[in-house]
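Chain order of the listed sequences is A, B, C and D. Throughout the first sequence, residue numbering follows the numbering used here, covering 1312 to 1665 in sequence. Throughout the second sequence, residue numbering follows the numbering used here, covering 1312 to 1665 in sequence. Throughout the third sequence, residue numbering follows the numbering used here, covering 1312 to 1665 in sequence. Throughout the fourth sequence, residue numbering follows the numbering used here, covering 1312 to 1665 in sequence.
No wet-lab data here; the hints were simulated from the structure. Treat the hints with care, since some could be wrong.
In the SDA-like style, the derived pairs of lysine to any residue whose C-alpha atoms are separated by at most 20 Å in a straight line are [stated by the list, open to error]:
1) C/Lys1577 x D/Thr1412
2) C/Lys1424 x D/Lys1424
3) C/Lys1424 x C/Gly1579
4) C/Lys1460 x C/Glu1524
5) B/Lys1457 x D/Ala1663
6) C/Lys1460 x C/Asn1525
7) D/Lys1664 x B/Asp1423
8) B/Lys1386 x D/Lys1661
9) C/Lys1661 x C/Asn1458
10) C/Lys1384 x B/Leu1456
11) B/Lys1664 x D/Leu1455
12) B/Lys1424 x C/Ser1346
13) A/Lys1371 x A/Pro1489
14) C/Lys1661 x B/Lys1386
15) C/Lys1470 x D/Tyr1585
16) B/Lys1424 x A/Thr1412
17) A/Lys1424 x B/Gly1596
18) A/Lys1460 x A/His1626
19) D/Lys1506 x C/Glu1570
20) B/Lys1377 x B/Glu1353
21) C/Lys1384 x B/Ser1620
22) A/Lys1371 x A/Glu1353
23) B/Lys1510 x B/Met1627
24) B/Lys1384 x C/Asp1423
25) D/Lys1630 x D/Met1612
26) D/Lys1661 x B/Leu1456
27) B/Lys1577 x A/Pro1489
28) A/Lys1664 x B/Lys1664
29) B/Lys1582 x A/Pro1527
30) B/Lys1664 x D/Tyr1585
31) A/Lys1630 x A/Lys1424
32) C/Lys1476 x C/Lys1495
33) D/Lys1476 x D/Tyr1585
34) D/Lys1614 x C/Gly1579
35) C/Lys1577 x D/Arg1358
36) C/Lys1661 x A/Lys1371
37) C/Lys1567 x D/Asn1525
4 protein chains.
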Amino acid sequence: MAGNSFGNIFKLITFGESHGEALGGIIDGCPAGLSIDLDAIEAEMQRRKPGQSSIVTQRKEPDTVKFLSGIFKGKTTGTPIGFVIENTNQKSKDYSHIKDTYRPSHADYTYDKKYGNRDYRGGGRSSARETACRVAAGAIAKQLLKNVKITAYVSSVGKLSLQKKYSEVNFNEIENNPVRCADKGMAIKMEAYIKEIRKQGDTVGGQITCVIENIPVGLGEPVFDKLHAQLGKAMLSINAVKGFEYGSGFEGTKMKGSEHNDLFNKDGSTKTNYSGGVQGGISNGEPIYFNVAFKPVATIMQKQQTINSEGEQVHMQGKGRHDPCVVPRAVPIVEAMSALVLADFWLLNKLAKL
Amino acid sequence: MAGNSFGNIFKLITFGESHGEALGGIIDGCPAGLSIDLDAIEAEMQRRKPGQSSIVTQRKEPDTVKFLSGIFKGKTTGTPIGFVIENTNQKSKDYSHIKDTYRPSHADYTYDKKYGNRDYRGGGRSSARETACRVAAGAIAKQLLKNVKITAYVSSVGKLSLQKKYSEVNFNEIENNPVRCADKGMAIKMEAYIKEIRKQGDTVGGQITCVIENIPVGLGEPVFDKLHAQLGKAMLSINAVKGFEYGSGFEGTKMKGSEHNDLFNKDGSTKTNYSGGVQGGISNGEPIYFNVAFKPVATIMQKQQTINSEGEQVHMQGKGRHDPCVVPRAVPIVEAMSALVLADFWLLNKLAKL
Amino acid sequence: MAGNSFGNIFKLITFGESHGEALGGIIDGCPAGLSIDLDAIEAEMQRRKPGQSSIVTQRKEPDTVKFLSGIFKGKTTGTPIGFVIENTNQKSKDYSHIKDTYRPSHADYTYDKKYGNRDYRGGGRSSARETACRVAAGAIAKQLLKNVKITAYVSSVGKLSLQKKYSEVNFNEIENNPVRCADKGMAIKMEAYIKEIRKQGDTVGGQITCVIENIPVGLGEPVFDKLHAQLGKAMLSINAVKGFEYGSGFEGTKMKGSEHNDLFNKDGSTKTNYSGGVQGGISNGEPIYFNVAFKPVATIMQKQQTINSEGEQVHMQGKGRHDPCVVPRAVPIVEAMSALVLADFWLLNKLAKL
Amino acid sequence: MAGNSFGNIFKLITFGESHGEALGGIIDGCPAGLSIDLDAIEAEMQRRKPGQSSIVTQRKEPDTVKFLSGIFKGKTTGTPIGFVIENTNQKSKDYSHIKDTYRPSHADYTYDKKYGNRDYRGGGRSSARETACRVAAGAIAKQLLKNVKITAYVSSVGKLSLQKKYSEVNFNEIENNPVRCADKGMAIKMEAYIKEIRKQGDTVGGQITCVIENIPVGLGEPVFDKLHAQLGKAMLSINAVKGFEYGSGFEGTKMKGSEHNDLFNKDGSTKTNYSGGVQGGISNGEPIYFNVAFKPVATIMQKQQTINSEGEQVHMQGKGRHDPCVVPRAVPIVEAMSALVLADFWLLNKLAKL
């Protein structure tokens, strides 16, 4: 109701602030009998956690997921899966300088106005640390979607853009470079650029492309819960996301119908895939692909003018350990949210017909 | 559950196929005591309906909304508002040629596979005619949001793009031209282009920009139901939409944090508005603006190769009266869906604090 | 949200006041491919409608259901099933005498206070006429639950109580008498008593027992949505219902565990069925049985003291055509609500395990 | 969806098995700015926990609630309130004798059939231990409902029934005796009887009456979410509950309308309160009162015949520390569930009219 749950059947509800005792969540609606690979979950957590490489924040957060229920003898039991992720490295003092100050382009001002209080400890609930819960739940959703292959990668950093279609990049390259770009040459350029930006005390935006393969026909619910509408919501709910496009996307607006229509092969597959694997809100079996736009991180290491809660003009400067570019660490989050959407629709689709 | 309802508190549930007896819906959760201006609702319906101008489909559908409950003596009573829109112009015969054929880039194939049946009468539930119910409900939501001003306009058709910011266009121009472009000169070019495309028996895509003004601070719910995430879902749920971006959008990915951050004025307003009126998923009082990408209409008046339900290759050609470009008629739909999102969050926000 | 929808997957949303233009509803989530027997639906409507016999209200309401969508060529298509029931016999003048008066033990006072307005036309939304929509939807749910047998009957009228267990009565007798009692001798006594009460201008309460047979094991969801909890809510949501008990019910509170425990037979069936077919909130395959308590109808043909909206003491007397005892007509409503609960859980249970 | 959440706005989602690492839950939708009295929460937990007196189970479970989020500086922040209750006293070995055996009138059989697995450790998710989370959340709901007074008490144990109306008993007596009966003399009889039953290795059922005072007019939502329907569901969702009646309840079925109607006083209050404080599903400001029926606890210390998972007849005997009668400990659970229902409706009612 108040925005902390996601999904209809395979449902994730999360809680937790960046500097409270712990974050956590409940997965309700996961069917019984699913073998859970805890190592695979841990691996996803590692992909998201801070401090993995020289181009991301150097904060140390172990981000270990502790499951409290719903799994017995290695399998889901059908009861809700409760889990917590402890905040071991709270360092509240790092944030004391922003206690009464609204950081520009952060959620400080809007939260304060909406709720009438200020949890000034590092963003509180609006912190991107909350996405750790999504990755944990998404890792279980991935295991439910056994044959489906979800692959996200960085396709642009600032103006450096990978000018290749999803079918032309090299998925094997993604985890080989700290940027998580699906192209070796471009990854090197991007890494260098991010390091330069960090030296400036600045940040930069970027894009992530996600490709979903081996998806069965029929996932997604018309009318309001179209597959791509739910994917779009899922992506836009990730911190710093400013846009979403799937298939031909914004470029497709420039095309004519005679160019854009995906003609069928005899087996129901299509010759082109401008539809991005979704027609009428329902998967058609072709690869689903979409782009997600991330703005530059708002916390910069430069002096900025801002206001405090009294409305007085003050200056502030970011401190501590922040990401100069969010996209490398957002790759597993994009995948996790995709998995949550698909798992939900996969279950729901079992009820579509007698 | 199965995708036919939208909203949490101010909730719309719709039913109806393009060629059944009627479409309709129920609005549940509209507070009692709201004076209803039926003429204003009718006016919105007129903006969406076919046959308004020479550049849209020439089908004749009166699209009159009949309210069956929930309004008594000109005011809402707090009980659900049921309404129907009759399909007076069904012309089923127009569609007989597609009975066993899957139209390229339509929902025919995916619906058939998902539900195991085919309602071949003009798209059935996947028809854009369904959006009439959204416009009716949105018109009531607009009345609930008294002071909020929602303005959508066409900002591109094919490669013709209005290169002006939302603050530089002329809202008064929008209803003066059949394209609903917010710029007189560009409107003339766009109209000419759409006519040319129609002559070719082809279609073309386009974009709509929507601006929301006078919005109170505090609307939107973290974490999953961020204001822009719900707006994005709402837009992506409209037929033919391929992308959504708000504020700086995809262009914002190329910026640095030091450029992109919206510095505060003393009153909490911001010097720039790259955030697009939303920070941390919550409205900050600045204008909300976003772009919606529409693909070219799939039904073209040219011969296309396709397959039938037996998997045989056949040829087909669109018949009847279709839109060469969907964006002019989609303007009121974009506004209606925005209104539904905002009405819901406006009510929900009353419960945010004691 | 605001109480007009029921169910999670197989979901009914209703609208309509007793004296508006029409009532109606939408069934969302019914799987595609279900053959719909319209005559069977009509037959259920006939069982509920007024004027069937000399002991129920003599109002004439045809109560014909018109389906507007979701059914094509005799089968459900998977899209929402919209329907309307017109109010052909509105007779608003009958109710003018209560326009400013709060009828004792009716919803007039509470609706007025809650919503700040008064729809004085025969109860408005609180009228039992709303249950016609439940019967229509329940009739479809029954068709979905092919092999499940739901049988309700009147088990008491005032102090006249059928002292027989559900397994000892004669289901074939139910539709043979206007009381819908499952025992011929008792039916005659009850009918005579209701006639006497009506002559007095008075009303009387009663009970309905419902038995559900051939139910698969596994329906119902722990923890909050236990099968009997949802059945209880369903029954208590029917106008005039004051209580619900299942299995051993209130009598079971007097028993010892050693008497009450249902010992197993080898095949998993039980020797006794004090559990009422539900253990831990989940059906165990034994017959489900429960009792529903209905208060005497509040509208009596005797002069009563009451107050008007100014808080002045006034007198009023019921007019028109009301039921002296509600239970005979409530039998199909109890069955319909049972069917809605079971259909929903039946679908949901398909997702319980891999 | 799958039954682990309760409420629409003020929403509780729970997880946890009796013998897993911890139970817990998330409260979503509690408004910001509520001062939280942790001692009051702890006091409620103490009322529910085992081992409080000689007539309840002697298990030792500290049942301390640890809040992980949503409360900052003693007040709610508007973000979800996550909490855990550790299972410190798991004693799995106590349950090894039932590993392959279905205990009569327990949920063992139905869970196994529904989910295809068996969590034999003390009932798993079906254990009444789950109600600890309800009491924790209910304690917060109580604090939100500042002026509302919710009082539950034991009104019968076996055939020993307190023959007094809710207005005639002594609320101050309730916490003075281990039975939680609102009458000193009857409490002594009940206590003696429960001790006798325990000596027999047997168990017995009972009833709880709950009274809600100082409730504002207008809570509850027609049609399906009537106040008493939601209360009924809440109560029936508690382990071992077999029935629910409010106001005149089952006795009311024997009355005539002329006796049962609650005539108004000039201020809108009523001379009698057979309606039980609810008319048309909405609170009318009079005290709400209802009875809840609990069956005898299924685990008895006598030898019983049963079957194992192979369908073989075996004998078993309860071991360990169980309650001979569940009602004394269920009193705070009944209050907690009432508070959850009322808090939800109290918030929702703020949106009923403009």
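* Would you pick out the hints that fail for this structure and give their numbers low to high? => Violated: hints 2, 3, 7, 10, 14, 16, 18, 27, 28, 29, 30, 31, 35, 36, 37.
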